[in-house]
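J.: The primary structure of each chain is shown beneath.
Protein chains: 2
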Amino acid sequence: MSTQSIAKQFVDLCNQGKNFDVMRTMYAPDIVSVEGDGKETVGQGPVIKKSEDWVSDKAFNGETCDGPFFNGANPDQFVVYFTLDVTPKATGKRITLKEVGVYTVKGDKITREQFFYDGEH
Amino acid sequence: MSTQSIAKQFVDLCNQGKNFDVMRTMYAPDIVSVEGDGKETVGQGPVIKKSEDWVSDKAFNGETCDGPFFNGANPDQFVVYFTLDVTPKATGKRITLKEVGVYTVKGDKITREQFFYDGEH
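Keeping their order, the protein sequence lines are chains A and B. Residue 177 is where the first sequence starts when you use the working numbering, and the numbers rise one by one after that. Residue 177 is where the second sequence starts when you use the working numbering, and the numbers rise one by one after that.
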């Protein structure tokens, strides 16, 4: 499959709220996930666990995924813009989080994701 | 100045519609600009000319710039999400273009910009 096909499948599933299906079916066993602070998590299981932990202390009201976006100089990458509507349990206050994800594809699987955002997410 | 300061100045000016002021004052003389098809334009003058050419065949109705966004693993970079509201003169039909810009900062100047989008822009 092309990077484009994989990227469109990714965005379609995300816009259906199926983020964990994406992680379970499209992520490589040795995926590297890089959060905004630069911290790396390695491996499909640990990366899924990281997301489970992230959602555990908030209500997830929905999300939109814009893209995918491409650049010909990096044919193995695609970019997605996320708008996340969440209510942290600690505050009970509904907020919108925005972030950009840069994904790398090798052998029909996503091998790296790097998130760009501002402040705590 | 930090990458963060430069990035916030960039977004502030863009949200005031001052994109050409950004290019004239914040771009390095030898900036490299990479369009979605991977084509590179080198040098502040040629990069400004490229943007002048781009706007010349359309009405520019406005834009929003979301961000800046950061990742600690790439401390010299920031990311901006653009939503561009334009009317190409060829069609007269108002459209919205979305793209992600990845910017690299060195010595207080922007030395590289790389745009990710889908289709023709």
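Because the hints were derived from the structure by calculation, they are not lab data. Remember, predicted model here, so these are calculated numbers, not experimental data. Hints should not be assumed to be uniformly reliable.
Said to hold, decoys possible - Per label pair, the in silico range of CB-to-CB distance:
hint	chain 1	residue 1	chain 2	residue 2	range
1	A	D261	B	W230	29 to 39 Å
2	A	P222	B	E228	14 to 24 Å
3	B	K265	A	T287	37 to 47 Å
4	B	K226	A	R270	19 to 29 Å
5	B	K274	A	W230	19 to 29 Å
6	B	G248	A	R200	22 to 32 Å
7	B	K225	A	A249	41 to 51 Å
8	B	L273	A	T272	18 to 28 Å
Don't be surprised by glycine CBs; every beta carbon is placed ideally from N, CA and C.
J.: Next step is simple, just say for each hint if it's right about the structure.
T.: Status of each hint after checking the structure:
no.: 1; hint: A:D261 - B:W230: 29 to 39 Å; verdict: 34 Å, holds
no.: 2; hint: A:P222 - B:E228: 14 to 24 Å; verdict: 48 Å, violated
no.: 3; hint: B:K265 - A:T287: 37 to 47 Å; verdict: 43 Å, holds
no.: 4; hint: B:K226 - A:R270: 19 to 29 Å; verdict: 41 Å, violated
no.: 5; hint: B:K274 - A:W230: 19 to 29 Å; verdict: 26 Å, holds
no.: 6; hint: B:G248 - A:R200: 22 to 32 Å; verdict: 27 Å, holds
no.: 7; hint: B:K225 - A:A249: 41 to 51 Å; verdict: 20 Å, violated
no.: 8; hint: B:L273 - A:T272: 18 to 28 Å; verdict: 22 Å, holds
The structure fails hints 2, 4 and 7 (numbered hints given earlier, in ascending order).
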